[in-house]
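Start from the sequences, fold in the hints, and give me the full structure.
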Amino acid sequence: MSTFLQSLLIAARALRVNKMRALLTMLGIVIGIAAVIVMVAIGAGASKMISDQISSIGSNLLLVLPGSTTSGGMRSGSGSTQTLTYDDARAIQAECPSVGAVAPTIRGAGQVVYGNQNWSTVIYGVTPEIIEVRDWIIVSGRNLTQSDVDGATKNCLIGRTVVDNLFGADDPVGKVVRIKKIPFTVVGVLGGKGQSPQGQDQDDVIYVPIRTAQRKLLGSQFPNSVGAIMVQAKSAEVLNLAQEEVTALLNQRHRIGPSREIDYTIRNLSELLAVREQSSKVMSMLLGAVASISLFVGGIGIMNIMLVSVTERTREIGIRIAIGAKRRDIMLQFLTEAVLLTTFGGIIGIILGVAGARIVAALVGWPTLISLDAVIIAFAFSAGVGVFFGFYPARKAASLNPIEALRYE
Amino acid sequence: MSEVVLLKDVAKVYIMGEERVEAMKGVSFSVAAGEFVSIMGASGSGKSTCMNILGCLDVPSSGSYLLDGVNVGELSSNQLAEIRNKKLGFVFQGFNLLARTTARENVELPLVYGQVPAAQRRARAMAALERVGLSGRENHYTNQLSGGQQQRVAIARALVNEPAIILADEPTGNLDSATTVEIMNIFQQLNGQGITIIMVTHEPEVAEFTGRHIIFRDGQVIADTLHGARSAAAQGGATS
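Line by line, the protein sequences give chains A and B.
Sequential numbering of the first sequence, starting at 315, is according to the numbering used here.
Sequential numbering of the second sequence, starting at 48, is according to the numbering used here.
Check each hint, because a few of them may be wrong.
Here are some, though not all, of the chain B residues that point toward chain A, as calculated from beta-carbon distances under 8 Å [unchecked claim]:
hint: 1; residue: 108
hint: 2; residue: 112
hint: 3; residue: 128
hint: 4; residue: 131
hint: 5; residue: 137
hint: 6; residue: 147
hint: 7; residue: 156
hint: 8; residue: 157
hint: 9; residue: 159
hint: 10; residue: 204
hint: 11; residue: 265
The hints are simulated quantities; they were obtained by calculation from the structure and are not laboratory data.
For glycine and all other residues, C-beta sits at the position ideal for the given N, C-alpha and C.
Structure below.
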């Protein structure tokens, strides 16, 4: 240990002798490490944002949508018919073992009025399971209940944006709003979710019992139909199994066969977004790789200066060998010097990188995420750069012939 | 008296490209403990090569060299480093002190490589500096010292590990005549305390301060004679 401390002292002194040169050499590592930290922080921030969006949709989710139909040889687009029913949702819930919660929804738009304020928003007819499936939090009041659905009551849940636009600072729970001129009692307020991955405001929403929506609010030509069924698998592992079960059940219920084409589609939302997350990870790796190049260049700078230093101090090396330094001692001395340079540069680089990431977040508004892992890896990496690029000069120093080294002018 | 150095038929051949240079051709001599020997010869006579071999910086091509009873030719480079550290003390013509380092730290250097604890190192370095008359200068940086003082720091560094021999390579080559006498006086004092000293020089006046002259020519010893040494202390007293 004292040998280590000794060589640390010797190295620190050698660096002090050439302060300016040490600082400039270090600068390469400082910039390299800072760049890596900032780039990785930006990449990690982007990944985090996407994965947050994924969890805001709800996890392990399948979306069952009505399919297209063909009439007179003309095919209409997906969702153009109303082939899914409330009973389909109940059947999926009852008969598919891999399925957890099932939430049928029906969607419409309408004007909402409270007092002298009005707001145009999206109205969903839902069942209580929607809260579980979409990972909503009810911040005040209560959820809708099955009896709200069965009795088609005029109760509703409202989202953050609607609250802000209609109520301001008032507590909405218990208040009566008019949706398409029909009075509804607000029983609960939904917690904020922010933007969806597609950029829509997920909080600009009103949830009413699905039966109420079907019969009184959205007035459909097929009063039993639903716009979509959200199906949550019991776990990520059984997501595909759940998809197969739902497919089989719907094929059977809709009598899909050779003479009847499939009239629904199932989308796996998590999968879609996982692809996006993957691509953002690739992006952050690329950023990191580009930044690593500057770290590599910094390392070459270290090697260059260490070689110059070995040449300059040839005589000193000769003296040290003559009075009893072993090859290993000389090697250790120069390696310590290189590692001291890079770790010191690494520490400064980490500080600058963390500050830089904050500045990027503040100025450009990109989300950045600095993980402790990244900092520790950056530090270890800077020490590694010292060992790697210091090795060759150190070995050169240690292999000097003492007789020639002592005569070196 | 026991022999500290025993050279038997030592030859050293350098191959430089096509050319074979025989720097030493079968040199044999021995040095007993407590002797003060000067090795002389023109440049190219092989005296420097001999010094490098004596200093364990180089190994003989053939023949054997026993230092304090140990056959140096059979040792690994780490063992040679150990020998240089513990049994030899070097004094060079160009002083060869570390720049931007204090006198004491220079003297401590061999102890650093000998893994001596810091407190002990300090005490021994101070004692060695006192023996060469540099008490009070231990915290001076080497560039703040005169040539004579620098050479005394170098002698203290050579002394600090209580070596079997001090090897001095033209130790007065860079010094004026008054300082030369001063340095030779220190060598004579140390020799008087029982330390074996081997010195390379090409100046006969300097050699006169030693008790034995070994003269090299063309890689061979051509003369090995005992002399009554001139007293540097007396001469120093006369000049001052």
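Each hint tested on the structure:
no. : hint : in the structure
1   : 108  : violated, 15 Å
2   : 112  : violated, 16 Å
3   : 128  : holds, 4 Å
4   : 131  : holds, 5 Å
5   : 137  : holds, 5 Å
6   : 147  : holds, 6 Å
7   : 156  : holds, 6 Å
8   : 157  : holds, 5 Å
9   : 159  : holds, 6 Å
10  : 204  : holds, 7 Å
11  : 265  : violated, 20 Å
Of the hints listed earlier, those the structure fails to meet are numbers 1, 2 and 11, in rising order.
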